Amino acid sequence: MLKLRSLQKKKQEELQNNGSSSTKDRKLTPAQIRIEKDLKELDLPPTIKLQKVNDKEFLIIITPDEGFYQYGIFKFQILINNNFPIDCPKVKCLNKIYHPNIDLDGNICLNILREDWSPVLNLNTILVGLLFLFLEPNATDPLNKESANVLIRDKNLFKRYVLSSINGGSIDGVRYDYVLNR
Amino acid sequence: MDTIDLSNLNRQFLFRQSDIGRSKAEVAAQFISKRFKDVKVTPYFGKLQDKNEEYYKQFTLVISGLDSIEARRWINSTLVNLVDAEDFDSLKPLIDGGTEGFRGQTKVIFPTINACYECSLDTISGQTTYPMCTITNNPRLPEHCIEYASSIEWNQLHPNEKLDMDKPEHVDWLYQASSQRAQEFKIEGITRSLCLGVVKNIIPAIASTNAIIAATCCNEAFKIVTSSNPILDNFMMYSGNDSVFTYTFAYEKKDDCPVCVGF
Numbered sequence: 001m002l003k004l005r006s007l008q009k010k011k012q013e014e015l016q017n018n019g020s021s022s023t024k025d026r027k028l029t030p031a032q033i034r035i036e037k038d039l040k041e042l043d044l045p046p047t048i049k050l051q052k053v054n055d056k057e058f059l060i061i062i063t064p065d066e067g068f069y070q071y072g073i074f075k076f077q078i079l080i081n082n083n084f085p086i087d088c089p090k091v092k093c094l095n096k097i098y099h100p101n102i103d104l105d106g107n108i109c110l111n112i113l114r115e116d117w118s119p120v121l122n123l124n125t126i127l128v129g130l131l132f133l134f135l136e137p138n139a140t141d142p143l144n145k146e147s148a149n150v151l152i153r154d155k156n157l158f159k160r161y162v163l164s165s166i167n168g169g170s171i172d173g174v175r176y177d178y179v180l181n182r
Numbered sequence: 001m002d003t004i005d006l007s008n009l010n011r012q013f014l015f016r017q018s019d020i021g022r023s024k025a026e027v028a029a030q031f032i033s034k035r036f037k038d039v040k041v042t043p044y045f046g047k048l049q050d051k052n053e054e055y056y057k058q059f060t061l062v063i064s065g066l067d068s069i070e071a072r073r074w075i076n077s078t079l080v081n082l083v084d085a086e087d088f089d090s091l092k093p094l095i096d097g098g099t100e101g102f103r104g105q106t107k108v109i110f111p112t113i114n115a116c117y118e119c120s121l122d123t124i125s126g127q128t129t130y131p132m133c134t135i136t137n138n139p140r141l142p143e144h145c146i147e148y149a150s151s152i153e154w155n156q157l158h159p160n161e162k163l164d165m166d167k168p169e170h171v172d173w174l175y176q177a178s179s180q181r182a183q184e185f186k187i188e189g190i191t192r193s194l195c196l197g198v199v200k201n202i203i204p205a206i207a208s209t210n211a212i213i214a215a216t217c218c219n220e221a222f223k224i225v226t227s228s229n230p231i232l233d234n235f236m237m238y239s240g241n242d243s244v245f246t247y248t249f250a251y252e253k254k255d256d257c258p259v260c261v262g263f
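In the order they appear, the protein sequences are chains B and E. Using full-length UniProt numbering, the letters of the first sequence correspond one by one to residues 1 to 182. Using full-length UniProt numbering, the letters of the second sequence correspond one by one to residues 1 to 263.
Simulated from the structure, these hints should not be mistaken for lab results. Since we're looking at a predicted model, the values are computed, not measured. Quick reminder that beta carbons are idealized off the backbone N, C-alpha and C, glycines included. Heads up, some of the hints might be wrong.
[Said to hold, decoys possible] Partial list, derived from the structure: chain B residues whose beta carbon lies under 7 Å from chain E:
#	residue
1	L2
2	L7
3	K11
4	L15
5	N17
6	L79
7	I86
8	N107
9	R114
10	V120
11	N122
12	D141
With the rest of the complex left out, here is chain B (with noise of 0.2 Å):
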């Protein structure tokens, strides 16, 4: 063990030099730990608000300023595993809404979501990411088909169709909720 105490010695001699103290504290998972991080280090723009509802799940609202979905208010859960930043947090829309990359059941189709995660990646690019979603809907990698050929093939009847949508109207016999923001 000795070189393991001369390595402890120069660390102890460090510490005294930078007059740092260590902040021991709390009993929390790895996973909490590093949330508690994510959340500190949000930098998120007026139109995301986040909510927390517990430890592993948070509340998000978006209200998108500009594009198709511009009137509209948007919620998402977001539940965390003890495994985060490793799984992905996994993300759902709250809401039944008319958007080529989100289902009627509210599954998101978002690569950052699935197949592109990686722990480098925080909360806070999740967030952008819905956002993204709402401010550029994605027609060519589309989850929800119908909507999606709509925006290709014509973009006023599509932004017709979301404004209808947010108002809690009804597209091709199926009712979405009312989601316009007052």
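Add chain E to chain B, keeping to what the hints say.
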């Protein structure tokens, strides 16, 4: 809380057929004590997380052969929290071994002094997943069909129950549902074992890889305790996938590591 299973016997040489169902820790301890009369092994059959700091304080060092990232992160953060700069004995070196098929690695961690497990977390890749739009609209692989059945169809049918691959009837259901979907899209190759592999993320274990990694772990422990030779600094990877290759490098401590920063 691991117990011995028939499928362990091909590579876990301390166990015999008559041991099936018994605690791995207890059987291994018995076997070693019988063979080496002057070695004392105390088994503990339980969860890592159920032991408090006092328990971990009694050791000189910790060698971990764990099967999940979650458990590794837990023991790492526990040992980091144990360190008291005033007390030399509070620092417990952690030697972490891990294997995946023909590949393996050993990490030597001096909590708070060099890179901890959490410092290197960004280099770990999670489970392979497929894009949501591919699995719902454009499946091309049998895996896509299994993912669709397990993560979308199952939740629609049983919103309040989790798909449990330890239940034979759930495996049956998954095999049927994904086969049906594969047929729809003219995809071949769905088998029961593929279903199990995709959902349970089964990682093959190979005796030779495990032996090599176990040997390097013991070697490092011996060197740390006896100061007989330089210690691994601080990460060794081994790959037997394609001929034999090993490489060693030092992970740097991460400035903003959520676990070991501030120590």
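So, going through the hints one by one against the coordinates:
no.: 1; hint: L2; result: holds, 4 Å
no.: 2; hint: L7; result: holds, 5 Å
no.: 3; hint: K11; result: holds, 6 Å
no.: 4; hint: L15; result: holds, 6 Å
no.: 5; hint: N17; result: violated, 13 Å
no.: 6; hint: L79; result: violated, 13 Å
no.: 7; hint: I86; result: holds, 5 Å
no.: 8; hint: N107; result: holds, 6 Å
no.: 9; hint: R114; result: holds, 4 Å
no.: 10; hint: V120; result: holds, 5 Å
no.: 11; hint: N122; result: violated, 11 Å
no.: 12; hint: D141; result: holds, 5 Å
In this structure, the hints that do not hold are numbers 5, 6, 11, in rising order.
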